[in-house]
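The task is simple: from the sequences and hints, build the whole structure.
Just so you know, the sequence shown maps onto residues -19 to -1, 1 to 435 in mature numbering (1 follows the signal peptide of the UniProt record, and there is no 0).
One should not assume that every hint holds.
Distance ranges between label pairs, derived from CB positions [claimed, not checked]:
{"id": "1", "residue 1": "L418", "residue 2": "L192", "range": "21 to 27 Å"}
{"id": "2", "residue 1": "L94", "residue 2": "C230", "range": "40 to 46 Å"}
{"id": "3", "residue 1": "V146", "residue 2": "L420", "range": "22 to 28 Å"}
{"id": "4", "residue 1": "A108", "residue 2": "P277", "range": "49 to 55 Å"}
{"id": "5", "residue 1": "I124", "residue 2": "Q241", "range": "48 to 54 Å"}
{"id": "6", "residue 1": "A414", "residue 2": "K274", "range": "25 to 31 Å"}
{"id": "7", "residue 1": "L203", "residue 2": "R106", "range": "46 to 52 Å"}
{"id": "8", "residue 1": "L418", "residue 2": "L94", "range": "24 to 30 Å"}
{"id": "9", "residue 1": "L21", "residue 2": "L308", "range": "16 to 22 Å"}
Don't read these hints as lab results, they were simulated from the structure.
For every residue, glycine included, the Cβ atom is placed at its ideal position computed from N, Cα and C.
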Amino acid sequence: MGACLGACSLLSCASCLCGSAPCILCSCCPDSRNSTVSRLLFTAFLFLGVVVSIIMLSPGVESQLHKLPWVCEEGAQNLVVLQGHIDCGSLLGHHAVYHMCFAMAAFFFLFTLLMICVRSSRDPRAAIQNGFWFFKFLILVGITVGAFYIPDGSFSNIWFYFGVVGSFLFILIQLVLFVDFAHSWNQQWLCKAEERDSRAWYAGLFFFTLLFYTLSIAAVTLLFIYYTQPGACHEGKVFISLNLCFCVCVSIIAVLPKVQDAQPNSGLLQASVITLYTMFVTWLALSNVPDQKCNPHLLTDFSNETVLAGPEGYVTRWWDAPSIVGLVIFILCTLFISLRSSDHRQVNSLMQTEERPPILEATQQQQVAAREGRAFDNEQDRVTYSYSFFHFCLVLASLHIMMTLTNWYRPSETQKMISTWTAVWVKICASWAGLLLYLWTLVAPLLLPSRDFS
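Written as structure tokens, this is what we have:
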């Protein structure tokens, strides 16, 4: 833990170099905007917590700690530190992930409340958002240290349900990001095809649409092969079949003439992205089915896990394929939230306080900031994104990564992690809610013709 925090201090020093007015901007980030730099640094704090959680899940770290008899304390179940020793069970495995993600969620929730209704950089709270990075790091470290002193008891069981709700919402945000990305992608390539009078752009859209549908069909086939059995696994068969039917329906609706007239940019590319993402969420759901015959990822007997265990018998479970893929998608979506531009309409509708980002005539200010080696303020008229909602997204991201790293397993009274139907139903319901949300974006202009959905 000390080594991790020591490594974190290096990032803190680096982050102060990329802050706003009080801090100096490093030479590798010329002409940077405060709004972009701040989002990236808060995201770096989130990724830092993810790295610490991953390290604490590593069987190698666990085995090395257990080799030091003066570090680990046998039988200490409720206290992190007892008589000069450390309860390694509280610093490793799902215990560490739950406590670390609790600290991150608390840190970002604090800023969610603090940044409510910040309208421009003239608000004194904007200086806190865009500066004082070293002190923010100290606050995060302090909350983290305090979180590890929380007795396990019922904490893990209660925090599990917070993680379920937060992760459900973040899955929907991921869907919005994918829809937005597909819309922007489709629109840009269609514009280039018209401007350059080239069919290559149409061929590119057709190729990727076909690729995504092919991957979706392959996913459905593999799900039936590995997650169902003849005469058993009826729930899995129903989930896969229903989601396949729903995806076919939204794909057909996306190309109906009336929908195309109301939304010319709507097409099969967006539907193929949604279909592939739905199959991914279905895979995540089936990987939590608490039936070993229907779930090849399920580990019902933790004593038989192929991981390193210490002399006290404490066992840590390493990731499986769904967790690894989920972690990659989480990183990409979180970076997209931080780097999204004004061209991404869906994200702007969530993140921005105004319909369009302000057009800031700050060329001279930008040149002066670049010469002085610092970020320039591009939010003097009004903020380019909602500070409070951005931090709320990071709260949900903290909860989602907690569930991803523990594969949505619920802590039991015996301090083991067990798979439950709760995780299955939450993910399946998230896939249905996502499809319903996408369906609404298709039919809303038809049902509400008086509103502007452009």
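Do L21 and L308 keep their Cβ atoms within the hinted range of 16 to 22 Å? Roughly 19 Å apart at Cβ, these two residues keep to the hinted range, so it holds.
L94 paired with C230, Cβ distance criterion 40 to 46 Å: holds (41 Å)
Would you say the C-beta atoms of L418 and L94 sit inside 24 to 30 Å of each other? holds (27 Å)
Cβ separation of I124 and Q241, checked against the hinted range 48 to 54 Å: Roughly 51 Å apart at Cβ, these two residues keep to the hinted range, so it holds.
For the pair A108 and P277, does the Cβ-Cβ distance stay inside 49 to 55 Å? holds (52 Å)
Range hint compliance [Cβ, L418 to L192, 21 to 27 Å]: Roughly 24 Å apart at Cβ, these two residues keep to the hinted range, so it holds.
Satisfaction of the hinted span 46 to 52 Å by the C-beta atoms belonging to L203 and R106: Between L203 and R106, where Cβ atoms are some 50 Å apart, the hint holds.
Whether the CB-CB distance between V146 and L420 falls inside 22 to 28 Å: At 23 Å between Cβs, range holds.
Between A414 and K274, does the C-beta distance stay in 25 to 31 Å? holds (29 Å)
The structure agrees with every numbered hint stated previously.
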